[in-house]
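Participant: Everything in the sequence shown is counted per the numbering used here, starting at 28 for the first residue and increasing by one.
For the record, the hints were derived by calculation from the structure and aren't laboratory data.
Errors might be hidden in some of the hints.
[Stated by the list, open to error] Taking lysine-lysine pairs in the PhoX-like style, the calculated list, with each CA pair at most 25 Å apart, reads:
#  : residue 1 : residue 2
1  : K138      : K117
2  : K91       : K60
3  : K56       : K91
4  : K117      : K37
5  : K186      : K56
6  : K56       : K119
7  : K79       : K115
8  : K180      : K91
9  : K112      : K56
10 : K91       : K112
11 : K186      : K157
12 : K178      : K112
13 : K43       : K56
14 : K91       : K37
15 : K85       : K60
16 : K43       : K91
17 : K180      : K115
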Amino acid sequence: MIFLICAIAKNGVIGKAGKIPWHFNTDLKNFRKLTMGNILILGRKTFESLPKTLDGRKIIILSKNQNFSAPDAIVEHSHHFILDKHLKSKDKCFVGGGSQIFDLFIDYAEKIYLTEIEQEIEGDAYFPIKKLENFTEISCNQIEENGVILKFKILRRKKS
């Protein structure tokens, strides 16, 4: 099973200069709770931007760089290989970005765990928002943190 997990600013921004341009503890705790004990698929740049390793998850890094390696992670060079192995499996695979990786996997995702940040934030990496038209919201919980509204949504792929 393929799921996406992402926090998105009101204007679609997910990153700036290779980093996440915000810090919300509630969102980080939600990410940890959902991905713990599961497979987490990340692009190389996203993996390299992490401040520390993400223990308790099986990390798969998608990279075009044939020489890239990472301790305690599996490196793959084809998203098709990852899909062949995990699309129909019972394993929960969370795709955690970045922008290019979301674009590669969104058409295969059953659900999207989305944190909407109700604020426009400057950035240079964007989520493929147009493709959210293929999903229906099935739940939404709203909180306020540091004066900013966060909406924790679960979206399910529409039936064709």
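Participant: Against this structure, judge whether each hint is valid.
Facilitator: Status of the hints after comparison with the structure:
no. : hint        : result
1   : K138 / K117 : holds, 14 Å
2   : K91 / K60   : violated, 29 Å
3   : K56 / K91   : violated, 30 Å
4   : K117 / K37  : violated, 33 Å
5   : K186 / K56  : violated, 31 Å
6   : K56 / K119  : holds, 18 Å
7   : K79 / K115  : violated, 30 Å
8   : K180 / K91  : violated, 31 Å
9   : K112 / K56  : violated, 28 Å
10  : K91 / K112  : holds, 18 Å
11  : K186 / K157 : holds, 17 Å
12  : K178 / K112 : violated, 32 Å
13  : K43 / K56   : holds, 21 Å
14  : K91 / K37   : violated, 30 Å
15  : K85 / K60   : holds, 14 Å
16  : K43 / K91   : holds, 21 Å
17  : K180 / K115 : holds, 24 Å
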